[in-house]
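Fit chain to chain and form the complex, with the hints in mind.
The primary structure of each chain is shown beneath.
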Amino acid sequence: MSTILIFEQVLNGLQFGIMLFLMAAGLTLIFGVMGLINLAHGSLYMVGAFAAAWVAGATGSFVFALIAALAAAAAAGALVEIVVIRRLYRAAHLDQVLATFALILIFSEGTRWVFGSFPLFLDIPETLSGPVTLPGGIEYPRYRLTLIGIGIAVALGLWWLTARTRIGIQIRAGENDREMIAALGVDISKLYTLVFALGAALAGLAGALVGAIQSVQVGMGEPVLILAFVVIVIGGIGSIRGAFIGALLVGLTDTLGGIFLPEVFKLFMETGAATQTGSALASMAVYILMSAVLIWRPTGLFGARG
Amino acid sequence: MIAERWITLLTLAGFLAIPLWALAVDEPFTITLATRAAILALAAVGLNIALGIGGMVSLGHAAFFGLGGYAMGILAFHAQSFQPLDLGLFTIEGTKSMPVIWLTAIAVSALAAWLIGLLSLRTTGVYFIMITLAFGQMFFYFAISWGTYGGEDGLSIYVRNSFPGLNTLVPIQFFAICFVALCAALFFQWRLRASPFGLALNAARQSEARVATVGLSPKRLKLLAFVISGAITGLAGALFADLNRFVSPTMFSWQLSGELIILIIIGGVGRLAGPVIGAALFVALEHWLGGLTDFWHVWLGLILLLIVLFARGGIVGLLTGKAGPHV
Chain A
-18 MSTILIFEQV LNGLQFGIML FLMAAGLTLI FGVMGLINLA HGSLYMVGAF
32 AAAWVAGATG SFVFALIAAL AAAAAAGALV EIVVIRRLYR AAHLDQVLAT
82 FALILIFSEG TRWVFGSFPL FLDIPETLSG PVTLPGGIEY PRYRLTLIGI
132 GIAVALGLWW LTARTRIGIQ IRAGENDREM IAALGVDISK LYTLVFALGA
182 ALAGLAGALV GAIQSVQVGM GEPVLILAFV VIVIGGIGSI RGAFIGALLV
232 GLTDTLGGIF LPEVFKLFME TGAATQTGSA LASMAVYILM SAVLIWRPTG
282 LFGARG
Chain B
241 MIAERWITLL TLAGFLAIPL WALAVDEPFT ITLATRAAIL ALAAVGLNIA
291 LGIGGMVSLG HAAFFGLGGY AMGILAFHAQ SFQPLDLGLF TIEGTKSMPV
341 IWLTAIAVSA LAAWLIGLLS LRTTGVYFIM ITLAFGQMFF YFAISWGTYG
391 GEDGLSIYVR NSFPGLNTLV PIQFFAICFV ALCAALFFQW RLRASPFGLA
441 LNAARQSEAR VATVGLSPKR LKLLAFVISG AITGLAGALF ADLNRFVSPT
491 MFSWQLSGEL IILIIIGGVG RLAGPVIGAA LFVALEHWLG GLTDFWHVWL
541 GLILLLIVLF ARGGIVGLLT GKAGPHV
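Chains A and B are the protein sequences, given in the same order. Residue numbers are given in this note's numbering: position 161 of the first sequence equals residue 142, and the series is strictly consecutive. So the number in this note's numbering is just where the residue sits in the second sequence, counting from 1, plus 240.
Chain B on its own, in the form it takes in the complex (with noise of 0.2 angstroms):
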């Protein structure tokens, strides 16, 4: 059986290779695919913080993808239109510049992971699932009928944002960005388990009660993890956006929370590596089988159903042969 660590490294190694690969052999589209996967990744990470180790089951998450993704949206359709965003009180000029636009998506979504923390956490169990589901669906709504950026039809950016340095047109320098994004992100949530927030945080989602015993707050625990899970996936619904130079409202979809938390279970929960390993095999079957035939989903759906009967723990956990990452 093989130690984590290794498997984290080694699921690192190989996402960077494969572009490296592609890009030696002059195949642009994987690269892309790649990207993407990193992207999915990097929400996941997010997502795998509140649940896999704060043990919250959120089926919300689309909501601070989507809000990132508008914010990319928001400020780089008023910086292409050259008028600025009008506040009532006072005005933003619009901005193609991604460092801007990445801070933004993590201020904004960390503030709406706040305010939705505070009021789901009040639920616990199957009543937290829904209440986090109905957040995200009142995002999702508000988009679609918000006609002022697209409603429905959603909203193009002609060019992609830039980066100091950086031509984000090429794919492997966007790609890159995107990576050190994510590594940057899973080396948080390293550092984070580790310490003693992450200490409580992981003692809270086994007992509340303990945790409260020795002194500690396990719904502010549990709040601080969730607004850091929010802002890191807001981050990637930024760069997602930045992607596909276009944000709509299925960015706010339910399937895309219940994709997130799939990534996560094939991968491993609470696993460094499991979001990674969930989101690379994610793509790759979808781009593999949806090559074969158009109807794939029959496919992944029992492909998901055979690692929830019989491998629990997914695949980090059939690695390492443990079924959690908590000894």
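For reference, chain A alone in the conformation it holds in the complex (with noise of 0.2 angstroms):
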């Protein structure tokens, strides 16, 4: 096992981090300023890929699709929270968990009827495709680069959103009194709309640039919405930073813990044995930290609210 394939092997699993963060911070934004359970986020990541890859296949142009699926994602996150979200506010938990369960069985069967069962495919961009040579001699292919960068940026950018803007102050303000900011003349109802289509925009970006690795296909969005819980639960609900660092353990266990674990175990057990045990437990690794962590944190690591 040498240093360069450990070193890409993090890299991989920072990169799968950060896609997992563009999830998560749409739902534990959504939760934390409405108080929403969405299971429907996947779906938008969905909405995001197919968006990117029908205007990718039209233009040809990266930047039109990725324009696309943000566009497409934020407008069907607008509409679903107009239309059916807004009447859950108030509703029980599992109100919401069934009536976002119902919208995954719309948005997933709609888009196949649309689309029809076969998986679309989204190209690489030509500029960013291909290998990049780091520091110490590691190949690493530039297109999964650019996503750990532009993952950065998006976490900065949602930084700078919450902490410095104006709208920040009141997202953050609608968190710990919703009655108080409608009693200061902020009109909640846009500001809810607003928030949601953020997450969707989010989501379906993530759906984009994951598309362009996988194939773009109905039920994507399923896997990748239960490890963003996954990630929004053990970072505590409704704190972005928790979402980043939940983000970056969950997408690196889970990377890691695929190519290590049956390494591990071959060191006392025979070899066929080993891989099984191994490749067994590494894909439970990332439920076994979440269920740690809770027995250690009933509220997640920096989340306050249950």
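To be clear, the hints were calculated from the coordinates, so they are not data collected in a lab. As the structure is a computational prediction, the values presented were derived from the model and not from experiment. Among these hints, one or two may not hold up.
As the list claims (entries may be wrong) - Over 12 angstroms on every C-beta distance to chain A, these chain B residues come out as not near it, computed from the model:
{"no.": "1", "residue": "Arg245"}
{"no.": "2", "residue": "Leu252"}
{"no.": "3", "residue": "Ala262"}
{"no.": "4", "residue": "Ser337"}
{"no.": "5", "residue": "Trp354"}
{"no.": "6", "residue": "Val399"}
{"no.": "7", "residue": "Arg433"}
{"no.": "8", "residue": "Ala452"}
{"no.": "9", "residue": "Val454"}
{"no.": "10", "residue": "Leu483"}
{"no.": "11", "residue": "Gly498"}
{"no.": "12", "residue": "Ile505"}
{"no.": "13", "residue": "Phe535"}
Stated by the list, open to error - Quick list of the computed label-pair ranges, beta carbon to beta carbon:
{"no.": "14", "chain 1": "B", "residue 1": "Glu526", "chain 2": "A", "residue 2": "Gly200", "range": "46 to 54 angstroms"}
{"no.": "15", "chain 1": "A", "residue 1": "Trp277", "chain 2": "B", "residue 2": "Pro324", "range": "12 to 20 angstroms"}
{"no.": "16", "chain 1": "B", "residue 1": "Leu525", "chain 2": "A", "residue 2": "Val64", "range": "20 to 28 angstroms"}
{"no.": "17", "chain 1": "B", "residue 1": "Arg460", "chain 2": "A", "residue 2": "Pro204", "range": "35 to 43 angstroms"}
{"no.": "18", "chain 1": "A", "residue 1": "Ile194", "chain 2": "B", "residue 2": "Leu532", "range": "52 to 60 angstroms"}
Glycine included, each C-beta is placed from N, C-alpha and C at the ideal position.
As structure tokens, then:
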């Protein structure tokens, strides 16, 4: 096991974690501000990926594809918020889970209706394809490195938005006391639609960016959704900082676990059994991590509310 | 408005009438559908004890459903291959006898529910939903990567297991077994709710602090309810595996946990007949809409949305005119 391989896997884990952060940031914002569990967030990820693949196929431009993903996911998010989600803010968590589960069914089957069951493909743009040589002679795909860069830029942008702008102040105030900021003259329903659309746009962006590495197909959102939930629960629901740290932890655990756990078991088991036990444990690793965190801190690493 | 007791009795009568009618006109597939609905209803009755009475929204009950399924799968697999199950310290013979399989399924899922409950009940609210989901996913991935029993492909059992005095291969006889199990579980839940334990549990859902003030431990009440709930869902899993003569990791999937919750909400949370009505409607819709269009999930989704937005309390809530069972 060489240092280069370990370094590559760490970068892969970071890239995966950063993409999870794009999903988790929206989820945690929506829960923090509106108190809503949104299972349909994975569908917005899928909408972004499909919009990007479709526009890239029609125009051939990756930039247009990304813009289309952002726009389509934000529009779908705003529409869903106005038609359905708005009626659920005061409802019990149970009703929210069910209604957004229903939205998943509608989105998934609707997409299958329009685009068919076969996966679409989104190509990595010419300028970003191929490897790049990092210091130390490590070759790493340029596109994946770009993803890490985009994710960090989004994380900084979100920090700036919530900590330094007027909208950010309103969002944070909305988390603490929604009656009070409504009394101060902030249009709370417009703010909610905006936050929901913002979260949706981030999910759509993640879908488009990841869609270029994997195939774009119906149902691609659910595995990511579950992991994004794991992320925000580890980080503490409502905390963007927690989502960032949780996302990196989950991304690294998942990627490194899959590579190294079978190797670790080979130290004291025969090869076949070690591979089986190791990969079984590796696929369970993030969930073990999450339950360990929750047993240790029942509201996550940075969470305050239940 | 109709009293809940009548709704329960009418539902069960209808549940019995449909397969009997199907038997008369020789439509065995309808009997199989009714059996499927009865088993799903049984699983949801289990969840309803945790969710409806105890207020624990578990998104991981597929773990117990799957454990029950694999209890059946593993025991029957060793019986059909004539190799005893080697547990290191001792070996267990496989079996094709339903009562033995059921007891194993109940014991295994109760034990798992005790462990999962012990750890999960440290959290509340959304965190509880998510930690139960995480445990369900652990079982899912474990089953996928466990090659001995088929891994991702699952495990096929060639002949349905046997029950003394009955021929389980005849659809109506297997339906009878499942229907009796469902009625027994409903009777159990009915007695449980009226017992001191059930009353205390009901109170613990509404206010943990008050229950603690009178000297009871809400955690212990909820844990016991979670164990009972898991055991019933586990039994349903064993029956479900026997219905299909097949077990696979999809029995552990989180979509299944979600579906169980859906069944309860369609029917009415905490209602005796809630899961039964929900399961019957779900299976009927699945069959009817699935025959009309390949995209029946869209319509199912729309119906669910309408129920959540406009019919709080589910079907039983609509019929009785009360949103909840607790007056």
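Outcome of the hint check:
no.	hint	in the structure
1	Arg245	25 angstroms, holds
2	Leu252	25 angstroms, holds
3	Ala262	29 angstroms, holds
4	Ser337	30 angstroms, holds
5	Trp354	15 angstroms, holds
6	Val399	29 angstroms, holds
7	Arg433	19 angstroms, holds
8	Ala452	17 angstroms, holds
9	Val454	23 angstroms, holds
10	Leu483	24 angstroms, holds
11	Gly498	5 angstroms, violated
12	Ile505	5 angstroms, violated
13	Phe535	5 angstroms, violated
14	B:Glu526 to A:Gly200: 46 to 54 angstroms	18 angstroms, violated
15	A:Trp277 to B:Pro324: 12 to 20 angstroms	41 angstroms, violated
16	B:Leu525 to A:Val64: 20 to 28 angstroms	23 angstroms, holds
17	B:Arg460 to A:Pro204: 35 to 43 angstroms	36 angstroms, holds
18	A:Ile194 to B:Leu532: 52 to 60 angstroms	38 angstroms, violated
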